[in-house]
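Q: Chain residues, written in single-letter form:
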Amino acid sequence: MTAENFPSKIPSGKRIATGIALLVIGLLMSLFFLPGTETGQTATFGLNLSSSAAILLPDMTLPVQASLYVLVLIVVFMGAFHMARGIRSPGALFGIVAFCFVAAFLIWATRGRSLSLIGMLTSSLVRATPIALAALCGVISERAAVVNIGIEGIMLIAAEASVVTASLSDSLYLGLLVGILSGALVAAFHAWLVIRFKVDQIVSGVAINIFATGATSFLSSKYLQHQSDLLNNSGTFPIISIPLLSKIPIIGPIFFENNLIVYLMMIIVIVMHIVLYYTPWGLRTRAVGEHPKAADTLGINVYFMRYVNVIIGGMIAGLGGAYFTLGSVGRFDEVMTAGKGFIGLAAMIFGNWNPLGAFTSSLIFGFADSLQVKMQILKVPIPSSILGMAPYIVTMIVLTGLVGKATPPAADGQPYEK
Amino acid sequence: MSAKEKTEKTETRPKSEKNRSQAFWQSLLVPLLAVFTGLVIGGIVIAATDKGVAAAFVNFSANPLGIFPAIWKAVITAYGALFYGSLGSPRELIEGFRVYQTSGDKALLLKAIYPFTESLVTATPYIFAGLAVAVGFRCGLFNIGAEGQFFMGALGSAFVGYSLIGLPWFIHLPLAILGGAVAGALWGAIPGYLKAKFGAHEVVNTIMMNWIAFRLSDWLLTGPMKASGFRPVTPNIQPAAELPRFFPDPLRFNWGFVLALVVAWLVYWFLFKTTLGFEIRAVGANPDGAKYAGMSVTRNFVLVMTLSGALAGLAGASQVLGVDHWVGQGFSAGYGFDSIALALLGKSHPVGVVLAALLFGVLRSGATRMQSLAGIPIDIISIIQGLVIIFVAAPAIIRWIYRIRVSEQETILTRGWGK
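If you read the sequences in order, they're chains B and P.
Here the first sequence stands for residues 1 to 418, where the numbers follow our numbering.
Here the second sequence stands for residues 1 to 419, where the numbers follow our numbering.
Please note: incorrect hints may appear among the correct ones.
Per the computed footprint, the stretches of chain P lying under chain B, defined by three or more beta-carbons under 8 Å from a beta-carbon of chain B, are [stated by the list, open to error]:
#1 205–212
#2 218–230
#3 382–393
Within a straight-line C-alpha distance of at most 25 Å, the following computed SDA-like cross-link-like pairs (lysine to any residue) qualify [stated by the list, open to error]:
#4 B:Lys-198 with P:Phe-24
#5 B:Lys-293 with B:Arg-196
#6 P:Lys-273 with P:Val-263
#7 B:Lys-198 with P:Trp-400
#8 P:Lys-51 with B:Leu-168
#9 P:Lys-197 with B:Lys-198
#10 B:Lys-198 with B:His-291
Calculated from the structure, these hints are not laboratory results.
Built from N, CA and C at the ideal position, the CB exists for glycine as well.
All chains, please: the whole structure from these sequences, using the hints.
A: Written out as structure tokens, the structure is:
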């Protein structure tokens, strides 16, 4: 709305307001973080996941007060500079300030102790996986102009279907397959409702969510809880270390020591990027999402493209659902997705409806999530439930669009009538 | 006025009235069929997961006709328990009334009306919450956050209810109700403001506000608002803040229900009889047109989300002040999603919402009974609700199933992202 035509020159009033806000943030940082520290205190960040890594990196030890001063100064400088000259890219401005704030927070929380930075980044990627898969599901279906708010429900159904199949058949791969297929099925139902019957896309998604919550909880309390050994005990995918690549310091343990679903997620990100931007199929998909009438005139079957893309999206969301059970805990709990599908939608918007962006923003959410857990371990004097709000608040800030301009596909959410 | 004109008028009037009543019944047709179809499919689920039916299927080769009585028994047991648990039995009612007339003993009569009053008690927060979502729909906004607003409203009214001591009821009770409305309004206003100012989609934001409300309540109930003792619950509210009950315990039927009906009427009056209400509906029908006519779309977004949040907050307040008298964790199970179903089923009209809320009150309150009597998890109601929403939102499916040939004007409820 307001961000639609970003002026090339930022009006000075707005610039000064933002600058003052940054100065206030810097002030708050120094007020909040500095008093608790002592001179000579250090914070240690581990850079190795395990002590048996091929190349051991020395731990990063930072002097707490000096680092905090530097970070506060950077923020204050950014504020002053923005006031005086104006920084064109709001994304860069926000990014640097956010980085300084998070770094200051981490250093403050780890003062006098040590924290495995690599462990935290690894768990960020793992926690980002279901969010990224939900976001990718959103990207592929919304690129074809079908809004799918039912991702949360699709993931719940897939989570339950995959764990039950895997427990009964003793095969994780079969479970994964059934999870993906159940996702495809629910997505096909959504597509059928919104394309064939032109149901309001958001209403249909909400209905799917309610139905999925009800159905999975119903089956869970009717069967899974009574025979949990037989039906709800699948085990999880083992962690696979990729030879050579996993030996690279820092990058290796984060990206190349994961389970199957995390690898699949990363592969899907790359494949979807290539398909969307470098293949005729991707061009058609985007055409259908931007201007279906023109696409139709050129002989593209709009309905067919929408059906297929929504169903592919459902398969990706199904994979995300399987992650909750087969990739994570090996057990289904009621409403275990806990809003991840919706956070995925926010990641999709923040990522500007493209796969790489969606993946990157999912990583930010994953980081916020794992930060919260780490803070509980470090016994930061903030209640865990307050820290637990972080991912949701980040989502809301992201959605304001202050951080970067996001443009949805032009025909997003509109049914197509010939 | 000439005689000719007069006759014409008298001729046309009954016709239009007839059309109107016909239109009225037609507008009821789809929701009723949607509920009916939802119940039928729910029955199929019940039968499919029933042990007796499964046993009959095992014996299929020996007794192929045995499955029909088994299915019948499973469904009748379940729905019988559902309606017995929510409406009571007529026999008990007549018996209770007879005893009351002959001996003046009210005990049996009260026991007989207990299930029905419980349904009304369950329906009370539904009326508020359904209105909350309906008001949003009227402005083209989709408030999925009634759940969080409900919870915040409950906490707000509980706080006012227990922290102020020594006030007379006619001050304390309105204050407590207001506390709930304000807390809910705040929770709704934030997504409304973000929508108006930044175009951030309210669907995602209200869901985020739900999760924030849960985390916040976790903290409040284990910290600042915790009563002394082990359990994470608030202290009991003062008696002066309670909504008075009509009958002695254990009947919990209270003035909250009357308040809900009054508020429903107020919402009707506001939406259809005031300029502001007209503006809201105009924005909902066509934001571009409304903007062109000089109405502030963004201001209406904030206003409606605030109002919607306040109504959902009142739902929480009515539950705390009238029924529970304290708030604990997991207090508002599923009101947010239920209220969407209510608003859709009631076609976003206050009268429709009240009727739908009564229906849901009956279903929900009976489902508890069904769970204990027939062993069917309460979540079956969510399944039925999900189906009802789909059917109401897609009348085409209902028409397709029942081969009805009626063209109905379809309303757009929501729009794409940030438009």
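Q: Any of the earlier hints contradicted here, and which numbers?
A: Violated hint: only 9; rest satisfied.
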